[in-house]
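Student: Put together the whole structure using the sequences plus the hints.
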Amino acid sequence: MQYRDLGRTGLRVSEVGCGGAPIGIPNYNEVWDPQGDGETRSVIDALHRAVDVGYNYFDTAPGYGDGRSEELMGLALEGQRSHVIIATKTAWKGRNKKQILQSVEGSLRRLRTDYLDVIQFHGDTGEPYMPDDFRWIMECGPMDAFHQLKREGKIRFVGITCEEPVSLWPFLDTGLFDVIQIKYNVIYQGAWHNALRWAQEANVGVVAMRPLTSGIFQKLMRAAWPSIEQHLDLNELALNFVLSDPRVSIAIVGARRVSEIDANNALSEAIQKRFDLDWLQERRVIPPGGS
Numbered sequence: 001m002q003y004r005d006l007g008r009t010g011l012r013v014s015e016v017g018c019g020g021a022p023i024g025i026p027n028y029n030e031v032w033d034p035q036g037d038g039e040t041r042s043v044i045d046a047l048h049r050a051v052d053v054g055y056n057y058f059d060t061a062p063g064y065g066d067g068r069s070e071e072l073m074g075l076a077l078e079g080q081r082s083h084v085i086i087a088t089k090t091a092w093k094g095r096n097k098k099q100i101l102q103s104v105e106g107s108l109r110r111l112r113t114d115y116l117d118v119i120q121f122h123g124d125t126g127e128p129y130m131p132d133d134f135r136w137i138m139e140c141g142p143m144d145a146f147h148q149l150k151r152e153g154k155i156r157f158v159g160i161t162c163e164e165p166v167s168l169w170p171f172l173d174t175g176l177f178d179v180i181q182i183k184y185n186v187i188y189q190g191a192w193h194n195a196l197r198w199a200q201e202a203n204v205g206v207v208a209m210r211p212l213t214s215g216i217f218q219k220l221m222r223a224a225w226p227s228i229e230q231h232l233d234l235n236e237l238a239l240n241f242v243l244s245d246p247r248v249s250i251a252i253v254g255a256r257r258v259s260e261i262d263a264n265n266a267l268s269e270a271i272q273k274r275f276d277l278d279w280l281q282e283r284r285v286i287p288p289g290g291s
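First residue of the sequence shown? That's 1 in the numbering used here, and the numbers climb one at a time after it.
Calculated directly from the structure, the hints in this document are not laboratory data.
Keep in mind it's a predicted model, so treat the numbers as computed, not measured.
One or more of the hints may lead you astray.
[What the hints assert, rightly or not] The calculated EDC-like cross-link candidates involving lysine to aspartate or glutamate, where the alpha carbons are at most 20 Å apart (straight line), are:
| # | residue 1 | residue 2 |
| --- | --- | --- |
| 1 | Lys97 | Asp133 |
| 2 | Lys98 | Glu152 |
| 3 | Lys219 | Asp233 |
| 4 | Lys150 | Glu127 |
| 5 | Lys219 | Glu260 |
| 6 | Lys97 | Glu139 |
| 7 | Lys154 | Glu105 |
| 8 | Lys93 | Glu105 |
| 9 | Lys93 | Asp66 |
| 10 | Lys93 | Glu163 |
| 11 | Lys93 | Asp114 |
| 12 | Lys93 | Glu164 |
| 13 | Lys98 | Asp133 |
| 14 | Lys154 | Asp114 |
| 15 | Lys98 | Asp114 |
| 16 | Lys93 | Asp133 |
| 17 | Lys98 | Asp144 |
| 18 | Lys98 | Glu164 |
| 19 | Lys97 | Asp45 |
| 20 | Lys273 | Asp245 |
| 21 | Lys154 | Asp33 |
| 22 | Lys97 | Glu164 |
| 23 | Lys93 | Asp132 |
| 24 | Lys93 | Asp124 |
| 25 | Lys150 | Glu164 |
| 26 | Lys93 | Glu78 |
| 27 | Lys273 | Glu229 |
| 28 | Lys150 | Glu105 |
[To be verified] With beta-carbon atoms standing in for the labels, derived distance ranges:
| # | residue 1 | residue 2 | range |
| --- | --- | --- | --- |
| 29 | Gln272 | Leu75 | 30 to 40 Å |
| 30 | Asp233 | Val31 | 15 to 25 Å |
| 31 | Arg81 | Gly106 | 10 to 20 Å |
| 32 | Thr174 | Asp37 | 18 to 28 Å |
| 33 | Cys140 | Gln272 | 41 to 51 Å |
Backbone N, C-alpha and C fix where the C-beta goes; we use that ideal spot for every residue, glycine too.
Tutor: This is the structure in structure tokens:
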């Protein structure tokens, strides 16, 4: 496993992290019962293997299966707290300071820890932050809750997630956010133009969600060429694209099985497979008003 700096946090993180959505959400991309005995055992084995081979970043949210993802991570990572970095999230829309504090306390309980390394405002799927959303978070209690939690030693660093990264600029401009989590992959490359550059300039850690495109890229390639996977590992190609960008701190990949953990770890180690993105993109910056 290779490691990178998480922006200005001082944390050295595995460049592939474990995402919590698939382990906690029922029937997410496949038939899956997160309460089942077999599924629980598979997740625990996978996360134990992840720690053993060098993964140290684990990202989840209470919204992934009504807390089940956090419960499974807490169960699997118990006794490993000093070796892992735990990030979770909280919904914020319509929530005041007291409700945010209650949400984080619930996450701490389910994760079996007394502090979180990263707490993030959880963006709505596919929705950008609007000016009213920014004002609510910054002025109506949610950010005050994070400040209080930090003073109490219950959180270390503050983050925010969004699939539409350009709308994160006002948050980055405050200087209060240490980490952003954004959608960036071989299909959705908008962040290449804006958020990745902004984060690098602000020394903010970048966590890439959906690096495997939630299977969309793979389905598209199979539709075009049904036998393609006899010749090419599509998951490897998609993940390698994201890891080839040095501005990305972590690509979080959901993993339910030991085999998935091992496959992603092997790709991290195979740095000779990385792409030259300057060659791949061949884009030049055009000054305002230029042509």
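Student: Give a verdict on every hint.
Tutor: Evaluated hints:
1. As the CA atoms of Lys97 and Asp133 are separated by approximately 15 Å, the hinted pair is consistent with the 20 Å bound.
2. The suggested pairing of Lys98 with Glu152 holds, with an alpha-carbon distance near 15 Å, which does not exceed 20 Å.
3. Distance hint between Lys219 and Asp233 is fulfilled; the C-alpha atoms sit about 13 Å from each other, no more than 20 Å.
4. Simply put, Lys150 and Glu127 have alpha-carbon atoms about 28 Å apart, too far for the 20 Å limit, and the pair is violated.
5. Among the hinted pairs, Lys219 with Glu260 is consistent with the structure: their alpha-carbon atoms are about 18 Å apart, no more than 20 Å.
6. For the hint pairing Lys97 with Glu139, the CA-to-CA distance comes to about 10 Å; that is within 20 Å, so the pair holds.
7. A threshold of 20 Å between alpha carbons decides the hint, and for Lys154 with Glu105 the separation of about 9 Å falls inside it, so the pair holds.
8. Straight-line distance between C-alpha atoms of Lys93 and Glu105 comes to about 18 Å, which keeps the hinted pair within the 20 Å bound.
9. With a C-alpha separation of about 17 Å, the suggested pairing of Lys93 with Asp66 holds against the 20 Å cut-off.
10. Taking the CA atoms of Lys93 and Glu163, the gap is near 16 Å; set against the 20 Å cutoff, the hint holds.
11. Our distance criterion of 20 Å between C-alpha atoms is broken by Lys93 and Asp114, whose separation comes to about 25 Å.
12. Taking the CA atoms of Lys93 and Glu164, the gap is about 17 Å. The hint holds against a cut of 20 Å.
13. A hinted pair counts as satisfied when its Cα atoms are at most 20 Å apart, and Lys98 with Asp133 qualifies at roughly 18 Å.
14. Distance hint between Lys154 and Asp114 is fulfilled; the C-alpha atoms sit about 6 Å from each other, no more than 20 Å.
15. Taken as a hint, the Lys98 and Asp114 pair is honoured in the structure, with Cα atoms around 18 Å apart against an allowance of 20 Å.
16. Annotation: proposed proximity of Lys93 to Asp133 holds, straight-line Cα distance about 8 Å (limit 20 Å).
17. About 10 Å separates the Cα atoms of Lys98 and Asp144, which keeps this hinted pair within 20 Å; it holds.
18. Distance restraint check for Lys98 and Glu164: the Cα-Cα separation of roughly 28 Å exceeds the 20 Å cut-off, and the hinted pair is therefore not satisfied.
19. Distance restraint check for Lys97 and Asp45: the Cα-Cα separation of roughly 37 Å exceeds the 20 Å cut-off, and the hinted pair is therefore not satisfied.
20. Pair hint Lys273 plus Asp245 holds up; C-alpha atoms about 13 Å apart against a cutoff of 20 Å.
21. Between Lys154 and Asp33, the direct Cα distance comes to roughly 31 Å. Violation of the 20 Å bound is thereby established for this hinted pair.
22. Taking the CA atoms of Lys97 and Glu164, the gap is about 25 Å. The hint is violated against a cut of 20 Å.
23. For a cut-off of 20 Å, the pair hint linking Lys93 to Asp132 stands: about 10 Å separates their Cα positions.
24. With a C-alpha separation of about 9 Å, the suggested pairing of Lys93 with Asp124 holds against the 20 Å cut-off.
25. Of the pairs offered as hints, the one joining Lys150 and Glu164 is violated, with about 27 Å between alpha carbons and a cut-off of 20 Å exceeded.
26. Taken as a hint, the Lys93 and Glu78 pair is broken in the structure, with Cα atoms around 31 Å apart against an allowance of 20 Å.
27. Of the supplied pair hints, the one linking Lys273 and Glu229 holds, its CA atoms being roughly 18 Å apart against a limit of 20 Å.
28. Straight-line distance between C-alpha atoms of Lys150 and Glu105 comes to about 13 Å, which keeps the hinted pair within the 20 Å bound.
29. Take Gln272 and Leu75: their Cβ atoms lie about 37 Å apart, and the range 30 to 40 Å holds.
30. At roughly 23 Å, the beta carbons of Asp233 and Val31 sit within the given window of 15 to 25 Å.
31. Look at Arg81 against Gly106: about 18 Å separates their beta carbons, and that is inside 10 to 20 Å.
32. Under the hint 18 to 28 Å, the C-beta atoms of Thr174 and Asp37, about 46 Å apart, miss the expected range.
33. At roughly 50 Å, the beta carbons of Cys140 and Gln272 sit within the given window of 41 to 51 Å.
Checked against the numbered hints listed earlier, the structure breaks hints 4, 11, 18, 19, 21, 22, 25, 26, 32; every other hint is satisfied.
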